[in-house]
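Assemble the complex: chain A is given as a structure, and chain B must be docked to it using the hints.
In the order they appear, the protein sequences are chains A and B.
Residue numbering for the first sequence follows my numbering, starting at 1 and increasing by one per position.
Residue numbering for the second sequence follows my numbering, starting at 1 and increasing by one per position.
Hint data in this document are derived by calculation from the structure and do not stem from the laboratory.
For every residue, glycine included, the Cβ atom is placed at its ideal position computed from N, Cα and C.
Warning: the hint list may mix true and false statements.
Simulated crosslink set (SDA-like; lysine to any residue; CA at most 20 Å straight-line) [unchecked claim]:
1) A/K19 / B/P51
2) A/K298 / A/L456
3) B/K83 / A/E26
4) A/K19 / B/G72
5) A/K19 / B/K67
6) A/K164 / A/P139
7) A/K650 / A/L613
8) B/K18 / B/Q96
9) B/K67 / A/D18
10) A/K19 / B/Q96
11) A/K723 / A/V711
12) B/K83 / A/N2
13) A/K12 / B/K83
14) A/K329 / A/L456
15) A/K12 / B/K67
16) B/K18 / B/G72
17) A/K11 / B/P51
18) A/K19 / B/F77
19) A/K19 / B/P24
20) A/K582 / A/W692
21) B/K67 / A/L17
22) B/K67 / A/Q15
23) A/K19 / B/K18
24) A/K19 / B/Q32
25) B/K83 / A/F576
26) A/K671 / A/F576
27) A/K19 / B/T69
28) B/K67 / A/D14
29) A/K19 / B/E57
30) A/K12 / B/F77
31) B/K67 / A/E26
32) A/K12 / B/P51
33) A/K11 / B/E57
34) A/K12 / B/A63
To list a few chain B residues with every Cβ distance to chain A over 10 Å, as calculated [as the list claims (entries may be wrong)]:
35) P45
36) G47
37) S48
38) H54
39) E74
40) K76
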Amino acid sequence: MNWWRRLWNRKKMDQQLDKELRFHLEEQTADLIAQGLSPEKARREAQIAFGGPTRIFEECRDTRGTRWLEDLVQDLRYAFHTLRQRPGFAVVSILTLTLGIGSTTAIFSAVNPILFQSLPYPDAHRIMMLWEMRSDGRPQQPAFATYFGEAEHTQTFDAIAALKPWQPTMTGPDQPERLEGQSVTAAYFHVLGIAPLLGRDFLPSEDTPKAPKVTILSNGLWRRRFGGDFGIVGRQIKLDDNAYTVIGVMPPGFENVLAPAAELWSPLQYDMTQGRAWGHHLRMIGKLRPGVSQEQGKRELDVTMHSLGQLYAVGYQTSGGPPRGMIVKPLQEDLTEGVRPALFAIMAAVSLVLLIACVNVTNVLLARSAQRRGEFAMRAALGAARQRLVRQLLSESLLIASISAVLGLLAARFGIRILIVLSPSELPRVSAISMDIATFTFAVGLTFLVGLLVGLVPALQASRNALYTGIHENSYRASSGHHRTRRTLVVTEVALALVLLVNAGLLLRSFQRLFAVAPGFDATNLLTMQVQTSGRRFNDNKATLHFFSQALDAVRQVPGVMQAGFTSQLPLSGDFEVYGGKLETGQTTAVKEFGALRYAVSPGYCETMKIPLLRGRFFDDRDTAGAPPVALVGDSFVRHEFAGQDPLGKRIQFGPGEDSYTIVGVIGDVKQTSLALSQLDAVYIPTAQWHWADGVLSLVVRSRRNPTALVGPIRKAIWSVDKDQPIVRVATMNSLLAASEAERHFALVIFEALAMAALALAAVGIYGVLAGSVTERIREIGVRSALGASRSNILALVLRQGMTLAVVGVLIGAVGAMLTSQTLVSLLFGVSRLDPVTYLGVIVLLMAVSAFACWAPAWRAARVDPSITLRAE
Amino acid sequence: MAAKSDLPQGTLDLLILKIVALGPIHGYAIAQRLQQVSQDVVQVPQGSLYPALHRLENRGLLAADWKETDTGREAKFYRLTRKGRGQLETEAKSWQRLTESVALILRLSEGSGE
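This is chain A alone, in the form it adopts within the complex:
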């Protein structure tokens, strides 16, 4: 009979066992009677020879191996019964643990796919992100020349691919639609290891400049725009006025981690003869051959890079000089690098809340087991083994944890949704965040851990007391160990809460500091949007420039618009473009090189942004395509490159080509990537005088009032010039400002919520312990007041007792906070991790909350009537 059948048939087996043992005894008795004994004596003899029947019965049952489960069921039933007897206790414990388990599970489900799961590609650990290494050791985006050379020569990589964003407009029978896509080299999907579901992958021959235009669709786009038509492969679709042949459709589960929003792909179709071969604007990935290490791959790429640098010295010179080498990083690491510190900090914070919740419930269980001391003593006296008592109490705590886990999982589902809404846009793999098997397993494991954690201390204590003290009620000696445990728990709780509060406080202070940083322009009532040119006629520079200047004129006519201008790079929008240049020093021999942010801007841009003019003049209508080329430079550029000299009238070469620009003005510095990052040098050129006409510009509009009301009229104004031009990325400058700090904000919101929870739990915990200890010491307090202690004496006694615990907890917590704030350093800004203001503020707050939690029990103690308590004995 197997284990399951033994479990299932246990009733019948018990009956049979009973019958079997009885048969033995009766046979034996009969034999003894046959030997001449009296029936009475025979029965006794048989029983003596047999041994204790109950014990043997139990031993036989134990051999089935189902005993533990039967006991467990019994324990759980009993636990359930005792919980129902004290619903208040049960509800408090369950809610506390629900909060702990729910929040921990929600955070885990968000963090797991990002930090721990490997990317959803075969052999994902072999996929590497490849960056060029600048001469100062920092990474930079690879140029096409780098990709081309590395991909051609590599022996250590299976394949290398380059990619860049591509936003074609699809026209056809339906409304024109701007799509998110990627231009990729032919091996892109090969590197990821995912093949199209329908049709085929790109061929290397399709990735050349004159090749016919082809595209692969995402499964979502195929369903959305083409109704999941299986005949799509081979058909042509119109993108930016060009006919593209659809050659494939990706599978539904394909997660494109490099550009999650991308819905279609086409070959990059660059070659080395184009000027753009030298711009650092691509991204590069590669898949290592099996068995090749990251270091081996890097060494080979470095060697190739070195020879490429020599071979194409002239070309690289137009974009800041040849790279020093390559940086090879696992794709997963590269994608998660930015959010890693925040996520680890959040994980740590939520674990703290869980710990505090556990400490609270442990406290409650301890208090309860103190009340049940009599019951345990009775059971121990009746022969229950200590092990059995421990198990009984553990099954109670496990039951509480399990109920909390079910509620917590439900709460986590909502929590996850909130997390996704709150998550900063740079959080990778948001689509993979869900309640999956991993989350579920985690929650189950966590529940067991929590159940054991909160149950073990009270269980051990209760069972020990049961054995030592017997049924003596109110034995002071026995309860002193018990009090010590509870005091330790309160101290722990205060310390943990302090750690969390200090870290949350540091984040809050950083955030305040950060938004006190001047971005370099005035963000109020500033509307931004990106205007793109689409269509073949814009292959002509003049047409592009003409369109933008007409559009700008139209926008300026819109009522409510005060000022407007165009820029190639919008601050804090994620735009980032750096070009190399040379300073003309006058002496032909000495040429100073530099790298700087390039802004191609229309006249009126700086005025609209309210970027201050420090010297010289802004651009104006004189600075047309034919006029002498001019440039504005940022303040930090002047400080770095001119060191006290007057920059006005000096000439610089900038970007590809030999044109030199005369500096006509110096303007204030603008934060381009983040408020927290220090300033990069900047050079501004009129759009009309740059080496080519940018096809994508951002419009900035200063309005009188709320700028969002102007979105419609401005769109209409632009479309009155040309109705086919897409307008995207509409946002107020204030929202861009907020979004640029979204990661910090995300961490801050979560930390604040967790810190509030921790504070509340700590207050409840301190209150609970003191209230419990007052109840237990009610007789002692009665004696004291009978002996002449005044109310204020007793009030002071209980308060002192509670506050001593709080102070000890605060001291330990302060040390803990100093140690743990190390993990937050990368998220802090303008605040030391040992910032005394934060520490002091949090300590005062926590002490105030503790005092409040102490007050109620102390006040109650002071009201104890000695005559009643003494009579109760």
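Here is chain B on its own, set in the frame of chain A:
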């Protein structure tokens, strides 16, 4: 009462297997047989036979059926399974080896150990 001897670990199982191997038999009869054959040297409290029987049954070495005895009463008769027979053989062999080597050691004369 005859001198009792404590059974070495696992020996009771071996003895039960051997007795059951002779033919289907119920618990009481096994107890009787054990006592008779060993001439009261091996004395097990009769009750402790049953946990051993059940353990062997749960391990699949024994199987049991309820049958009528000669006296017409229902009793649980144990028999050896194929697995039990294999177990008996290996255990008997290792028991043999053990006793032989113990006997060898005991035969060493006092002086020969030098």
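So, going through the hints one by one against the coordinates:
1. For a cut-off of 20 Å, the pair hint linking A/K19 to B/P51 stands: about 15 Å separates their Cα positions.
2. Distance hint between A/K298 and A/L456 is unfulfilled; the C-alpha atoms sit about 52 Å from each other, more than 20 Å.
3. Proximity of B/K83 to A/E26 is assessed by CA-CA distance (about 32 Å); at most 20 Å being required, the pair is judged violated.
4. A threshold of 20 Å between alpha carbons decides the hint, and for A/K19 with B/G72 the separation of about 15 Å falls inside it, so the pair holds.
5. The straight-line distance between the Cα atoms of A/K19 and B/K67 is roughly 13 Å, inside the 20 Å bound, and the hint therefore holds.
6. Our distance criterion of 20 Å between C-alpha atoms is met by A/K164 and A/P139, whose separation comes to about 17 Å.
7. Restraint check for A/K650 and A/L613: satisfied, since their Cα atoms lie roughly 17 Å apart, inside the 20 Å limit.
8. For the proposed pair B/K18 and B/Q96, the alpha carbon gap of about 14 Å is at most 20 Å, so the pair holds.
9. With a C-alpha separation of about 16 Å, the suggested pairing of B/K67 with A/D18 holds against the 20 Å cut-off.
10. At most 20 Å may separate the alpha-carbon atoms for a hinted pair to count; A/K19 and B/Q96 exceed this at roughly 37 Å.
11. A C-alpha spacing of about 16 Å is found between A/K723 and A/V711, which places the hinted pair at or below 20 Å, so the restraint holds.
12. Between B/K83 and A/N2, the direct Cα distance comes to roughly 15 Å. Compliance with the 20 Å bound is thereby established for this hinted pair.
13. Straight-line distance between C-alpha atoms of A/K12 and B/K83 comes to about 25 Å, which puts the hinted pair past the 20 Å bound.
14. For the given pair, A/K329 sits about 45 Å from A/L456 by alpha-carbon distance, which is inconsistent with the 20 Å threshold.
15. Using a Cα cut-off of 20 Å, the hinted pair A/K12 and B/K67 holds, with the two alpha carbons roughly 17 Å apart.
16. For the proposed pair B/K18 and B/G72, the alpha carbon gap of about 26 Å is over 20 Å, so the pair is violated.
17. Restraint check for A/K11 and B/P51: the C-alpha separation of about 17 Å stays at or below 20 Å, so the hint holds.
18. Our distance criterion of 20 Å between C-alpha atoms is met by A/K19 and B/F77, whose separation comes to about 13 Å.
19. Using a Cα cut-off of 20 Å, the hinted pair A/K19 and B/P24 holds, with the two alpha carbons roughly 18 Å apart.
20. For the suggested pair A/K582 and A/W692, the alpha carbons sit about 19 Å apart, so the restraint of at most 20 Å is met.
21. Proximity of B/K67 to A/L17 is assessed by CA-CA distance (about 15 Å); at most 20 Å being required, the pair is judged to hold.
22. Between B/K67 and A/Q15 the alpha-carbon distance is near 16 Å, which keeps this suggested pair within the 20 Å criterion.
23. Distance hint between A/K19 and B/K18 is unfulfilled; the C-alpha atoms sit about 25 Å from each other, more than 20 Å.
24. Our distance criterion of 20 Å between C-alpha atoms is met by A/K19 and B/Q32, whose separation comes to about 19 Å.
25. Proposed proximity of B/K83 and A/F576 is contradicted: the alpha carbons are some 76 Å apart, above 20 Å.
26. Note on A/K671 and A/F576: the hinted pairing holds, with a Cα-Cα distance of about 11 Å set against a maximum of 20 Å.
27. A distance of roughly 14 Å separates the Cα atoms of A/K19 and B/T69; the hinted pair therefore holds under the 20 Å criterion.
28. Under the criterion of a C-alpha separation no larger than 20 Å, the hint pairing B/K67 with A/D14 is consistent with the structure, at around 18 Å.
29. A hinted pair counts as satisfied when its Cα atoms are at most 20 Å apart, and A/K19 with B/E57 qualifies at roughly 17 Å.
30. Under the criterion of a C-alpha separation no larger than 20 Å, the hint pairing A/K12 with B/F77 is consistent with the structure, at around 17 Å.
31. Of the supplied pair hints, the one linking B/K67 and A/E26 holds, its CA atoms being roughly 17 Å apart against a limit of 20 Å.
32. This hinted pair checks out: A/K12 and B/P51 have alpha carbons roughly 17 Å apart, not beyond 20 Å.
33. Taking the CA atoms of A/K11 and B/E57, the gap is near 17 Å; set against the 20 Å cutoff, the hint holds.
34. Our distance criterion of 20 Å between C-alpha atoms is met by A/K12 and B/A63, whose separation comes to about 17 Å.
35. The beta carbon of B/P45 is not kept farther than 10 Å from every beta carbon of chain A, the shortest such distance being approximately 4 Å.
36. For B/G47, the non-interface assignment is contradicted: its Cβ lies about 4 Å from the closest Cβ of chain A, within the 10 Å cut-off.
37. Against the 10 Å criterion, B/S48 falls within the reach of chain A, whose nearest CB is about 7 Å from its own CB.
38. At roughly 4 Å, the least C-beta separation between B/H54 and chain A is not larger than 10 Å, which violates its mark as non-interface.
39. Remark: the non-interface label on B/E74 conflicts with the geometry, its nearest Cβ contact in chain A lying 8 Å away (cut-off 10 Å).
40. At the 10 Å boundary, the C-beta of B/K76 falls inside the reach of chain A, the nearest C-beta of that chain being 5 Å off.
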